[in-house]
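Trainee: Letter by letter, the chains look like this.
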Amino acid sequence: MGSSMIIGQYVPGNSFIHRLDPRTKITIIFFFVLIVFFANSVMSYGLLTLFAVGSAVSTRIPAPYLIKGLLPVWFLIVFTFILHLFVTKEGEVLFTIFSFDFYTGGIIQGLAISLRFFLLILVTSLLTLTTTPIEITDAIEGMLGPLKKIRFPVHELALMMSISLRFIPTLMQETEKISKAQASRGVDFRTGSFKDRIKAVVPLLVPLFVSAFKRAEELAMAMEARGYQGGEGRTKLRELRIGKLDTYTYILFILLVIGLFLTRA
Amino acid sequence: MDITFKDVSYIYQANTPFEHRALSGVSFHIPSGSFVAVIGHTGSGKSTLLQHLNGLLRPTEGKVMIDDYQISAGEKTKDIKSLREKVGVVFQYPEHQLFEETVAKDIGFGPLNFNVEPKEIERRTGEAIKAVGLPEDLLQRSPFDLSGGQMRRVAIAGVLAMNPEVLVLDEPTAGLDPSGQREIMDMFSRQHKNNNLTTVLVTHSMEDALRYADHIIIMKDGEKYMEGAPLDVLVNKEELQRVQLDLPEVIQFLHQAEKQFGKAIPYQKQSIAQLAKELTAIVKGGESNG
Numbered sequence: 001m002g003s004s005m006i007i008g009q010y011v012p013g014n015s016f017i018h019r020l021d022p023r024t025k026i027t028i029i030f031f032f033v034l035i036v037f038f039a040n041s042v043m044s045y046g047l048l049t050l051f052a053v054g055s056a057v058s059t060r061i062p063a064p065y066l067i068k069g070l071l072p073v074w075f076l077i078v079f080t081f082i083l084h085l086f087v088t089k090e091g092e093v094l095f096t097i098f099s100f101d102f103y104t105g106g107i108i109q110g111l112a113i114s115l116r117f118f119l120l121i122l123v124t125s126l127l128t129l130t131t132t133p134i135e136i137t138d139a140i141e142g143m144l145g146p147l148k149k150i151r152f153p154v155h156e157l158a159l160m161m162s163i164s165l166r167f168i169p170t171l172m173q174e175t176e177k178i179s180k181a182q183a184s185r186g187v188d189f190r191t192g193s194f195k196d197r198i199k200a201v202v203p204l205l206v207p208l209f210v211s212a213f214k215r216a217e218e219l220a221m222a223m224e225a226r227g228y229q230g231g232e233g234r235t236k237l238r239e240l241r242i243g244k245l246d247t248y249t250y251i252l253f254i255l256l257v258i259g260l261f262l263t264r265a
Numbered sequence: 266m267d268i269t270f271k272d273v274s275y276i277y278q279a280n281t282p283f284e285h286r287a288l289s290g291v292s293f294h295i296p297s298g299s300f301v302a303v304i305g306h307t308g309s310g311k312s313t314l315l316q317h318l319n320g321l322l323r324p325t326e327g328k329v330m331i332d333d334y335q336i337s338a339g340e341k342t343k344d345i346k347s348l349r350e351k352v353g354v355v356f357q358y359p360e361h362q363l364f365e366e367t368v369a370k371d372i373g374f375g376p377l378n379f380n381v382e383p384k385e386i387e388r389r390t391g392e393a394i395k396a397v398g399l400p401e402d403l404l405q406r407s408p409f410d411l412s413g414g415q416m417r418r419v420a421i422a423g424v425l426a427m428n429p430e431v432l433v434l435d436e437p438t439a440g441l442d443p444s445g446q447r448e449i450m451d452m453f454s455r456q457h458k459n460n461n462l463t464t465v466l467v468t469h470s471m472e473d474a475l476r477y478a479d480h481i482i483i484m485k486d487g488e489k490y491m492e493g494a495p496l497d498v499l500v501n502k503e504e505l506q507r508v509q510l511d512l513p514e515v516i517q518f519l520h521q522a523e524k525q526f527g528k529a530i531p532y533q534k535q536s537i538a539q540l541a542k543e544l545t546a547i548v549k550g551g552e553s554n555g
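As they're listed, the protein sequences go chains A and B. Just so we're aligned: 9 in this note's numbering is position 9 of the first sequence, and the numbers increase by one with no gaps anywhere. Position in the second sequence (first residue = 1) + 265 = this note's numbering.
The following label-pair restraints were derived from C-beta to C-beta distances:
| hint | chain 1 | residue 1 | chain 2 | residue 2 | range |
| --- | --- | --- | --- | --- | --- |
| 1 | A | T170 | B | G414 | 19 to 27 Å |
| 2 | A | Q173 | B | E387 | 31 to 39 Å |
| 3 | B | D451 | A | G192 | 33 to 41 Å |
| 4 | B | D451 | A | Q173 | 29 to 37 Å |
What the hints contain is simulated information worked out from the structure, not anything from laboratory work. Computed from a predicted structure; not experimentally measured. Note that CB positions come from ideal geometry on N, CA and C, so glycine has one too.
Make the full structure from the sequences, and use the hints.
Mentor: Shown next, in the form of structure tokens:
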């Protein structure tokens, strides 16, 4: 399977972050994303970095894997930095290359924004790295629960989400299988003109759609055969529960927020 | 075409937590013109092995040689397209690869990709559909209107129409009814003999391996477990059971007959009728002696 795109693919584990209630994780990440924008001093950035890197380390996911997973976004981070170098003209001129002035403000601003970016991506990717897609859907269903009062189809939405998540790997496998079969019949997906390559996709897409529709039909039939009916009165196999671990995490996070506002410039 | 594996290892998703070693240090040689059966339990690396045969996968370590083509880690195989023309692969459930509007177009898809002349494609299409035992008036129908068994045959015809020199079959009869299984396997056997093919068959069926193959490779956990002529490999009950395989039914029966009547009947691919005759001869002979 595709070995290059692994941003946020779930890595099984038993660290305390893995065991947190997914709702806790989503809530904390949501607020973390907000407070990142309040940091404006070295100390406050330091605190946030400590929290983010500390969380990443505590998941016990090997660092090289994490860094490799972030590879596609490294480009964005570096790009942001360079952009600021050229565009921000504040503070003193630090040095000049080819008659282009680089300002201290530019470097500081560039570093700060890149760091922000890095923190955001690291923390959000921790969610999917440590939480199974099913847990995430359960959490979303739980958190959107109140919307049921206004007849919003929360359960159906969650079901659709988990079904589509469930079938991503299946469809990827299918794609790979069919592309191999067609490659064996002489289809070349990699070289040739743009037009040729678009044409090469047809033998891949048609079988993929055919099998996806067939699968959907079979799934619907199997669900009906087992008496599936929507949300009302349906019990859950996996009950989400807020435990001690979650409480401690919230306390820690509140301390971080207080610390952040104390260290702001 | 000669096929040689030299210390071939393959690792899926190397250098990630999902790393998985599917083949380790597999070596063997298949002389041109042989019919080889690769047997093994699920997850023993059969399918991975098969995908090395036309360069879909490149070994992580070691070398695969198919005639003059060389596939090894890192280095690019020149002319991989012409290799794929010579090695026809029938994947598991090949009917999933059908996509064209008509059966004829789908069968001709492979040859078309390899720049075969339209006249020649037409000839091969007609030949291939006859070979798989389908009536020619199906050619103008949509492949999606056919039954599952017919779709399978169309997909197989699509591979045969490439006129390959090596035929690679990954459980080509899975999910077919018994008579369909027999027909398809007999058809492959005919193709093998008539067109001088080298055939590699991946299968679960010990019966098929015994009946059609002249060489057998048994895989276990990504390693080669046993290799040899069918009658040398498929008679060792203990060794086979260690990889969750059973003796073929005929061999089991002959073993029992030997116990019962005290006389061995050597297996030489006899038909059931022939075996029955030999057995009667033994039983009658035994009575007259006693």
